[in-house]
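J.: Here's the letter readout for the chains.
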Amino acid sequence: MLGRSIAGMRRFASTAAPATERMNMFTALNDAMRVAMETDPTAAVFGEDVAFGGVFRCTVDLREQFGEDRVFNSPLCEQGIAGFAIGYASVGRTAIAEIQFADYIFPAFDQIVNEAAKFRYRSGNQWDCGKLTFRAPYGAVGHGAHYHSQSPEAYFAHTPGLKVVIPRNPVQAKGLLLASIRDPNPVVFFEPKALYRASVAEVPVGDFTIPLGQADIVRSGTDVTLVGWGAQMRVLEETCDMAEEAGVSCELIDLQTILPWDVDTIEQSVRKTGRLIVSHEAPRTGGFAGEIASTIQERCFLSLEAPIMRVTGYDTPFPLAHEKFYLPDALKNFEAIKKIVNY
Amino acid sequence: MALRFLTKSMPLAVARTQRRFLAPSASSKHMSTVVGSGEFPGGQTVPYVNTIAVVDPKEKDVIPAYRILDQQGKLVPGGQVPEGLTEEVVVDLYKGMIRLNQMDNVFYDAQRQGRISFYMTAFGEEGTLFGSAAAIKPRDMVFAQYREAGVLMYRGFTLDQFADQLFSNEGDLGKGRQMPVHYGSKELNYQTVSSPLATQLPQAAGAAYGFKVAKEDRIAICYFGEGAASEGDFHAALNFAATRDCPVLYFARNNGYAISTPVKDQFRGDGIASRGAGYGIPVIRVDGNDLFAVYEVTKKARELIMTGGRPVLVEAMSYRQGHHSTSDDSTRYREVSEIKYWKDTNCPINRLKLYMLDQGWWSEERDQALKDAERTNVLQALAKAEAKGIPEMQTMFDDVYHEKPRHIQEQEQEMLDHVAKYPDHYASDGH
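First to last, the sequence lines map onto chains A and B.
Numbering-wise (UniProt numbering), the first sequence opens with residue 1 and increments by one.
Numbering-wise (UniProt numbering), the second sequence opens with residue 1 and increments by one.
Please keep in mind that the hints were generated in silico from the structure rather than gathered at the bench.
Check the hints yourself; a few may be wrong.
[As the list claims (entries may be wrong)] Short, incomplete list of chain B residues facing chain A, as computed with Cβ under 10 Å: (1) Pro47; (2) Tyr48; (3) Gly84; (4) Ser195; (5) Glu216; (6) Ala236; (7) Ser260; (8) Lys264; (9) Gln266; (10) Ala277; (11) Gly278; (12) Pro282; (13) Glu412.
Positions of the beta carbon are idealized from the N, C-alpha and C atoms, including for glycine.
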């Protein structure tokens, strides 16, 4: 395995195309953790049910490879997982902690917001817990209702000291997770669970990272800028296809890092297109689209041809029977495109 | 499956439970007869009985507290001065307690005069702090609540360093960002204090686990009050520490009050110590006003942790002689006579002093001279710290992250530009 990652790095260094392997999102995340643990003997993976491979299979075989001291189950207690992870990281070791669903991260909110995020600042940089990453599956899954569907990124985006990262596919998942684990700041890493099996791609083998804090322009376009992240990117791809058929050219941007977010890339795009739609699954009020809209309005006031639009979940808890009606699907986004170009 | 459970190792299990169950219950009216046992997942063997067995903690004996010195400073029957506590060491520990006491006196008054914004004293808990601090190793990692300045002082944090933190001046290791008494020192293995109660408890388990897997010869010691032990993080921490066999010493300071809340409103069990058993953690209760006993117990706990490879819970019984903080007048919820009783009859400093006088190691003259000298030392540190300015304003934007993200750089510039425009308005020193 080590040989494989070294070979991968060498391939990257050369001009030849890197070797890839077909992976879905959970195998890509598993691969990222394997690389992280191979390259850092202090790295430990823990959380509820991770030892047997995790309820989403993300940690499968890691215990066999790295031993039970480094891959272990925790008691069923999110505040404990978070506090334990902070302490482990505070003595210079790498903590990769899993919260089983993002919906259950709230018991750990105090540890993440009051402790992890402020650890470095409050001590005058004497202490930090930067070698800490929280992974949590997030987002709609078809039938998850209130507590297996939430997208809580905006709560954490309001917390200086944290980084918040969300990948859209297996390649991004691996590169961004490795970058998050190695970033010298605490990172909350949300994984779109709807894509664990559904999203499949050729993923570079071995060691590689994708920088945090940088958005990714997925499609270039001239008429409208569409910004999203995570599972919503699939929806927006569909929207772009619908728009193209209707003769509208969309620039699609994956934000990738929610905090600190890449203002420049969005700003440049909106200066070009003059129109911006931000779309996320989370409820509208207080959602991260509001932050993007406000910032871009300040920076691109003279370039904007229409009001910035938000296509989001409604301001209700996430429903079961009505999920289809609740979600900001491709058609709702397409309607927004029609409105914004005809404004 | 069921069959296997019924047959496998049953005689042994019955023998074990009979020993455990029937012997101690001679006085009990709930005498039950064991009629077999069952094995449940996780290897637990549970005996079955033929009458309902109500296990009522009120019928259990109170966990005793270890004591070496009585309230007159005499050794209790069978009591011995702990090994290692020579005259020189004891006198030094006493000097430390006096220094802390004088620091508390001076800075409490300084807050009353409005010279610092906040303060918390450790009156009455000096024995707990110095006794435990002396019994652990300098490499052991301290996780404190906030009333443990004595531990940091024992480790060598200077009066100047304390004063700089209290004045949030340019000398403060914390760069003036946190409220007074939120001390921390990387050099002294003392993690920076934060206000949210009990958050340090699961963190201590995580740090200790790190020491264990790295095979480092060190433990984490985590202090907290009996009030903080009601937080969910207490439960999380003890359960995590037990299940991962973490080398961590949980040290409860049970001083009778959490701000105004007496322990009868805090819990109904036998203090904090009784909870250890439920988590599978060995416990020791100690007279927290007896420095010798606290020292011996902490040393013993550390040995148990290192040899047993598992956590230990210590509960030090004490009394909060001072107000909760400078924002609190404790006579609104407790009698002055109660405070006076503890000060007069059960003060850790007096108890050790009486012992030292008995031994001929100390005199009233030396005592007064020491107190005067330490008071002067603290006043000097205060004056020095008060004369220093606060850190440069833009340092407010440092250390949010390891690096400074662009949006924070922009906000820093925004603040600097604004202050440059209105310099007079922002000219005050910020206290």
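J.: For every hint, state whether the structure bears it out.
T.: Okay, the hints, checked on the actual structure:
Annotation: proline 47/B was flagged as interfacial toward chain A, and the flag is violated, the nearest CB pair being 26 Å apart, outside 10 Å. Checking tyrosine 48/B against chain A by beta carbon gives a least distance of about 28 Å; that is not within 10 Å, so the hint is violated. Interface hint at glycine 84/B: violated, since its Cβ lies 28 Å from the closest Cβ of chain A, which is beyond the 10 Å cut-off. For serine 195/B, the suggested interface contact is upheld, since its CB lies about 8 Å from the closest CB of chain A, less than 10 Å.
This hint holds: glutamate 216/B has a C-beta 9 Å from the nearest C-beta of chain A, less than the 10 Å allowed. Against a cut-off of 10 Å between C-beta atoms, the interface hint on alanine 236/B holds, since the closest Cβ of chain A lies about 3 Å away. Given hint, serine 260/B at the interface with chain A, is violated; its Cβ is 23 Å from that chain's nearest Cβ, farther than 10 Å. The interface hint given for lysine 264/B is violated, since its Cβ lies 27 Å from the closest Cβ of chain A, which is over the 10 Å cut-off.
With a cut of 10 Å, the hint placing glutamine 266/B at the interface with chain A is violated, because the nearest CB-to-CB distance is about 20 Å. A cut of 10 Å between beta carbons decides the hint on alanine 277/B: the least distance to chain A is about 17 Å, and the hint is violated. The interface hint given for glycine 278/B is broken, as the beta carbon of that residue sits about 13 Å from the closest beta carbon of chain A, more than 10 Å. Taking 10 Å as the C-beta cut-off, the interface hint given for proline 282/B is violated, the closest approach to chain A being about 19 Å.
Of the supplied interface hints, the one on glutamate 412/B is violated, with its beta-carbon coming no nearer than about 13 Å to a beta-carbon of chain A, more than 10 Å.
Hints 1, 2, 3, 7, 8, 9, 10, 11, 12, 13 from the earlier list are contradicted by this structure; the remaining hints agree with it.
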